[in-house]
Amino acid sequence: MQSAVSIKDLKIAYGGHTVIEKMSIDIAPQEFLVLLGPSGCGKSTLLNAIAGLQDITAGEIWISGKNVTWEEPKDRGIGMVFQSYALYPRMSVRKNLSFGLRVAGLPKAEIETRVARTAALLHLDKLLDRRPAELSGGQRQRVAIGRALVREVDVFLFDEPLSNLDAKLRNELRVEIKKLHHGLGNTMIYVTHDQVEALTLADRIAIMRDGVIQQLGSPAEIYHRPANLFVAGFIGAPAMNFVEGRIERASGSPVFVSNGLAVDLSGHSFRALTPEGPATLGFRPEHLVLDGVASGLPVIAGRVSVVEPMGADAVVWFDWAGQSLSLRIMGDVTLQPGDDMAPGLDIAKASLFGSDGSRL
Amino acid sequence: MARPHPNGPKPAQITAGRIGLYAFLFVAALFFLLPLYTMIVTSLKTMDEIRLGHIFALPEAPDFSAWVTAWSGACMGTVCVGIRIGFWNSVAITVPSVALSVFIGAVNGYALSLWRPRGASVLFGLLMAGGLIPYQIFLYPMVRAMANISLYNSLAGIILVHVIFGLPLVTLLFRNYFVSVPEELCKAARVDGAGFWRIFFEIMLPMAVPMIVVVSMLQFTGIWNDFLLGLVFAGRDNLPMTVQLNNIVNTTMGERTYNVNMAATILTAIVPLAVYFLSGRWFVRGITAGAVKG
Amino acid sequence: MHTKRKRNLSVTLALLPTWFAAVVVYIGTMFWSIRMSFTDSTLFPSSNYVGFAQYVKLFHSAKWLASLQNVLIFGVLYVSGCLVLGFLLAAALDRKIRFESAFRSIFLYPYAMSFVVTGLVWQWMLNPTLGIQASVRSLGWETFVLDWVVNRNMAIYALVLAGVWQGAGLVMVIALAGMRGIEAEQWKAARIDGIPVWRIYVSIILPQLGPALAAAGMLLAMGVIKTYDIVVAMTNGGPGNSTEVPAKFIMDNLFGRQNLGLATAGATMLVLGVVLAVAPFRYAMYLRSNRAKGAA
Chain A
28 MQSAVSIKDL KIAYGGHTVI EKMSIDIAPQ EFLVLLGPSG CGKSTLLNAI
78 AGLQDITAGE IWISGKNVTW EEPKDRGIGM VFQSYALYPR MSVRKNLSFG
128 LRVAGLPKAE IETRVARTAA LLHLDKLLDR RPAELSGGQR QRVAIGRALV
178 REVDVFLFDE PLSNLDAKLR NELRVEIKKL HHGLGNTMIY VTHDQVEALT
228 LADRIAIMRD GVIQQLGSPA EIYHRPANLF VAGFIGAPAM NFVEGRIERA
278 SGSPVFVSNG LAVDLSGHSF RALTPEGPAT LGFRPEHLVL DGVASGLPVI
328 AGRVSVVEPM GADAVVWFDW AGQSLSLRIM GDVTLQPGDD MAPGLDIAKA
378 SLFGSDGSRL
Chain B
3 MARPHPNGPK PAQITAGRIG LYAFLFVAAL FFLLPLYTMI VTSLKTMDEI
53 RLGHIFALPE APDFSAWVTA WSGACMGTVC VGIRIGFWNS VAITVPSVAL
103 SVFIGAVNGY ALSLWRPRGA SVLFGLLMAG GLIPYQIFLY PMVRAMANIS
153 LYNSLAGIIL VHVIFGLPLV TLLFRNYFVS VPEELCKAAR VDGAGFWRIF
203 FEIMLPMAVP MIVVVSMLQF TGIWNDFLLG LVFAGRDNLP MTVQLNNIVN
253 TTMGERTYNV NMAATILTAI VPLAVYFLSG RWFVRGITAG AVKG
Chain C
18 MHTKRKRNLS VTLALLPTWF AAVVVYIGTM FWSIRMSFTD STLFPSSNYV
68 GFAQYVKLFH SAKWLASLQN VLIFGVLYVS GCLVLGFLLA AALDRKIRFE
118 SAFRSIFLYP YAMSFVVTGL VWQWMLNPTL GIQASVRSLG WETFVLDWVV
168 NRNMAIYALV LAGVWQGAGL VMVIALAGMR GIEAEQWKAA RIDGIPVWRI
218 YVSIILPQLG PALAAAGMLL AMGVIKTYDI VVAMTNGGPG NSTEVPAKFI
268 MDNLFGRQNL GLATAGATML VLGVVLAVAP FRYAMYLRSN RAKGAA
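Protein chains in written order, with the working numbering: chain A, 28 to 387; chain B, 3 to 296; chain C, 18 to 313.
Extracted from the complex, chain A is given alone in its bound form (with noise of 0.2 Å):
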């Protein structure tokens, strides 16, 4: 099937600096793809240059099966959301949604049937004929994303869009820029650096770090199964416990070693041969157990510290072997500071990571 959008060996520099290095993907349509990173990973300049905003040094742009490398954004049949919300601020709203399809010269009668459809909606017909600055945080957006809806294109380009909001207008927000991917059935590409956002939003999620794709997938392969270390500790929240130590082959069955733990490795499925020397070994919090010894798994026994409820679930942390390590449980904690612990780790959802950090 061909591409909604795709990306051939991209390279993107200035100031000597290289932002992008050689960068391929393909996405197909309708798919939500999310790009996720640490500000400066590059997420918001390869946006911008798959709009058109943004001078490429090499590589190619395809869209809806044209090649718009040269083109300028209006030709490319993108729409895009800013984080700024980016409105014209002397005009009205309905100026604002219809400010594109008047350059392009549209009919009248065209103009404002797009408009009455998108602003219905999104809900904004009774707002249309206020100024950007008689709205409230929300409302502003969701007319920057009417302002992507009118030019009825096949994809819609979003940078950062909610990091301006309150945690509660981006949760309701969230939901709705969700269902209206489902009713339009669009491609969308969304820039963000929050995790819940790309985990809950996301066909697959491109992660990125210093202008270098780390893992390409869907958000429960990433978050259950990362590439490498740097996706491990980028995702999840507590972030996952990391545990440097040896692979060993004893007898027969590969050993994870580390200060007197012995993890047997058998359950867990490798990618590869296993290989042998050292590795660490990830796993998140939910993948220890309360009781290590009643469940029968490798008890890694430590001394709590902290206790963190969060209503439906906690997060006890606790000392083992001169680290901290997080456990999470669900429901109510009757652990204190101070109280010895003997957790059980579920090898099978834990994750092993080689010398250079990749996923073994």
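No lab work stands behind these hints: they were computed from the structure. Watch out, some of these pointers could steer you wrong.
Which chain B residues face chain C? A few, computed with CB under 10 Å, are given here [as the list claims (entries may be wrong)]:
id, residue
1, 19
2, 23
3, 129
4, 144
5, 247
Derived DEER-like restraints, expressed as beta-carbon distance ranges [to be verified]:
id, chain 1, residue 1, chain 2, residue 2, range
6, B, 39, C, 223, 29 to 37 Å
7, A, 92, C, 298, 57 to 65 Å
8, A, 365, B, 13, 55 to 63 Å
9, C, 68, B, 158, 33 to 41 Å
10, A, 92, C, 197, 56 to 64 Å
11, A, 265, C, 197, 39 to 47 Å
12, B, 151, C, 63, 17 to 25 Å
13, C, 174, B, 151, 43 to 51 Å
14, C, 201, B, 70, 48 to 56 Å
15, B, 151, C, 201, 51 to 59 Å
16, B, 39, C, 174, 16 to 24 Å
17, B, 272, A, 102, 54 to 62 Å
The model shown is predicted, which means the values in this text are computed figures rather than measured ones. Each residue gets a CB set at the ideal place from its N, CA and C atoms; glycine is no exception.
Once you have looked at the hints, place chains B and C on chain A.
Relative to chain A, chains B and C alone:
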């Protein structure tokens, strides 16, 4: 009961420091107002009254004849047509100069900060350096160049000179303004298909109205108050009011008519003063923006 | 590539007039003038190069030397006078004063007036036969002397007085804006520490206003080098050479005495003066911005 039981709001106290503060402010205000007061009372006196040497005394009977003379009969050398010629010359010079320089400055600021073309920082650096350099180094070659294109001693010539020498400050102010405009606004408009000029006229210019007012005010007072450029480039038929005023006051033969001189001085100052008092905070914003960021 | 070129074309066209002004007018005329200063041009430009002869002549001219000395005295007193008076006025207005905006308007209005007007008003007030001197004498103080504009030892101070009257308001506005920008919490902290108000202004506020005051001082100093109108209006350089200034010397030689070579030599020295005045300031700003970048 030496001291009442502290309860409720603390009673206000008048301290020595407070009195000193107000005394300082009143003395300062007196110093700043005295010249204005002197100008006004002198212009309303007759020469006989002025000869008494009571410069601060109020006029016995306000006499406006000096104002009439200043406006329509004061002499520069042998020509006695009053300062009104200069007034209209100044209007004819200032209005188009302000409009043109503000427009070009706005385009510059917008292009330099939001489009950043090749060489933008070089151009900006050149402009800023040009704004610092004393006019004296430009004057003579400018005169010759203007003469070569037949603009020397003409209205169009002096307007052109004002526009050129106004560019550094105006560009600086607009650049600083447009730098604070989110770049995304420009990007959004480009996605909507608008080009350089369309974005400028439909989005940026309506947005920048407050800045346009501030800069226009600043340019207006600056050009109205100019003496040097008007003296050199305007030519005899277009001399601005400041130059005419100086000619009236400092080249009189015989006894100086101080009442007429002061009336002419007030007339010259009145336009920028009106701009200042009517615009209030805008003017203040203009000079602080120009100063702090220069 | 076609559309991209078109987009850049609009920007280039829009900036073309400014490029022209910058390159041809600013740079071109400046180099023309500097070149003239090495010729023996008088009424008309000549291309007979005489090396530094005009500069030698310039620095043997009593008038030029007097004008340099005058502008130095005037500049130091005028800039420091404006800074001190402006800062004091701002500090006073900052003390939650009644009629603050009225006071502010009074202190600033002279700045809206031209140097010509300023010069003429003060010339009149300081007129020894009919001005302040006569007025005070008629009150009974027969020996009172205020003859600055006609006294060659004092005329330069008359210019300073008029200049400070005109320019102090600018410093006040800038300083006041700076004071209003200082966080209220610093005031609260200082009050809890029991620091006297004057001490807060000297030790806490003044250092924070440093950059703003430096910029204001810079602006005034630029004005000093260009000083021309106020001198022409108030004293026309006299009595004698006591208020001659370089800008006026150049103008007289350019258009009055038809001494092009000497005038352009003087103008070149003026530009050199600006460079010398600005360079340390710019260098300090450059260092500061680099340090800020390093810290970030």
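Cross-check of the supplied hints:
no. : hint                        : in the structure
1   : 19                          : 8 Å, holds
2   : 23                          : 6 Å, holds
3   : 129                         : 6 Å, holds
4   : 144                         : 6 Å, holds
5   : 247                         : 6 Å, holds
6   : 39/B <-> 223/C: 29 to 37 Å  : 33 Å, holds
7   : 92/A <-> 298/C: 57 to 65 Å  : 58 Å, holds
8   : 365/A <-> 13/B: 55 to 63 Å  : 57 Å, holds
9   : 68/C <-> 158/B: 33 to 41 Å  : 39 Å, holds
10  : 92/A <-> 197/C: 56 to 64 Å  : 59 Å, holds
11  : 265/A <-> 197/C: 39 to 47 Å : 44 Å, holds
12  : 151/B <-> 63/C: 17 to 25 Å  : 23 Å, holds
13  : 174/C <-> 151/B: 43 to 51 Å : 45 Å, holds
14  : 201/C <-> 70/B: 48 to 56 Å  : 54 Å, holds
15  : 151/B <-> 201/C: 51 to 59 Å : 58 Å, holds
16  : 39/B <-> 174/C: 16 to 24 Å  : 22 Å, holds
17  : 272/B <-> 102/A: 54 to 62 Å : 56 Å, holds
In the structure shown, no violation is registered for any of the earlier numbered hints.
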